[in-house]
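Trainee: Numbering of the sequence shown is given in the working numbering, commencing with residue 123 and proceeding in unit increments.
Worth flagging that the hints you see were computed from the coordinates, not collected in a lab. Cβ coordinates follow ideal geometry from the N, Cα and C atoms, glycine included. Any given hint could turn out to be false.
The following label-pair restraints were derived from C-beta to C-beta distances [what the hints assert, rightly or not]:
hint, residue 1, residue 2, range
1, PHE262, GLU303, 37 to 43 Å
2, ASP318, ARG246, 17 to 23 Å
3, PRO259, GLU142, 26 to 32 Å
4, GLY263, ASN287, 22 to 28 Å
5, ALA355, ASP334, 19 to 25 Å
6, GLU218, PHE262, 39 to 45 Å
7, GLU358, GLU327, 18 to 24 Å
8, SER242, LYS337, 33 to 39 Å
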Amino acid sequence: MHVAILCGGRGTRLQEHTAELPKPLVEIGGHPILWHVIRIYAAQGLRSFLLLTGYRGDQVEAFVASAEWPEGVEVRCIDTGLDTPTGGRLWRVRDELSGAPFLATYADGLADLDLGALRSHHERSGRLATVTVVRPPLPFGVALLDGDDRVAGFSEKPRAEHWINGGFFCMEPAALAYMREDTVLEREPLERLAADGELSAFRHEGFWACMDTYKDAVALNDQWAASDAPWTAVREPGGLPARG
123 MHVAILCGGR GTRLQEHTAE LPKPLVEIGG HPILWHVIRI YAAQGLRSFL LLTGYRGDQV
183 EAFVASAEWP EGVEVRCIDT GLDTPTGGRL WRVRDELSGA PFLATYADGL ADLDLGALRS
243 HHERSGRLAT VTVVRPPLPF GVALLDGDDR VAGFSEKPRA EHWINGGFFC MEPAALAYMR
303 EDTVLEREPL ERLAADGELS AFRHEGFWAC MDTYKDAVAL NDQWAASDAP WTAVREPGGL
363 PARG
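Go ahead and model the full structure; you've got the sequences and the hints to work with.
Mentor: Structure follows, in structure tokens:
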């Protein structure tokens, strides 16, 4: 099973890092976040990775060539264009992904996700695509109101009530027919799949984080330094260490 990782974005909200580096190479604990993402999958037995590159893709390729990947892990870079949107990047490698169901994700999201459970859920659903949905913590504390104006207390950064796209997908090759070269995955393709009843939701209640801003990068580095990196927790027999 291939794992397609979207590695082409510019990461404009991470300017402190991405002026010189592509977002997938911003480091968490001395390793590019892309390394961590690959390890989430490798720790659970996945071995074939397609990195769909774009912005500063040459740097991603150089990292892949210089890294020491464990035996059996194959990491290939495919240039999918400088400004190609996310759906278009998957569309451009449709021939590579045509043979079997595949997994897809972004190069900036980490989770203690059970990929076996995701794949099983997808198979049971019988739908063309499954998206992992999460309820992230809100960035602010919440005031708990009793009546019109009395504050009964506070809740420090509770989880959001609504589910959002967590960025870990399982798809059938036929889902690629919903994409074109100019489509943003999160818009028309997913919306059309949903409208056709072909999109399933896999609820993930565990740890999830997206490195969208400099503050996010600092928080993830702090967790790694404190040996509190939940995304390294899930490992299946025969998988590779997610941290080592």
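Trainee: Taking the beta carbons of ALA355 and ASP334, is their distance inside 19 to 25 Å?
Mentor: holds (22 Å)
Trainee: Please check whether PRO259 and GLU142 have a Cβ separation lying inside 26 to 32 Å.
Mentor: holds (30 Å)
Trainee: Within 18 to 24 Å or not, the Cβ separation of GLU358 and GLU327?
Mentor: holds (19 Å)
Trainee: Determine whether the Cβ-Cβ distance between ASP318 and ARG246 falls within the hinted range of 17 to 23 Å.
Mentor: holds (18 Å)
Trainee: Is 33 to 39 Å respected by the C-beta to C-beta distance linking SER242 and LYS337?
Mentor: This hint holds: roughly 35 Å between Cβ atoms.
Trainee: If you check the beta carbons of GLY263 and ASN287, does the distance land in 22 to 28 Å?
Mentor: Holds - the Cβ-Cβ distance for GLY263 and ASN287, about 25 Å, lies within 22 to 28 Å.
Trainee: Does the Cβ-Cβ separation between GLU218 and PHE262 fall within 39 to 45 Å?
Mentor: holds (42 Å)
Trainee: For PHE262 and GLU303, compare the CB-CB distance with the range 37 to 43 Å and indicate the outcome.
Mentor: Cβ of PHE262 to Cβ of GLU303: about 39 Å, so the range 37 to 43 Å holds.
Violated hints are absent here; each numbered hint is respected by the structure.
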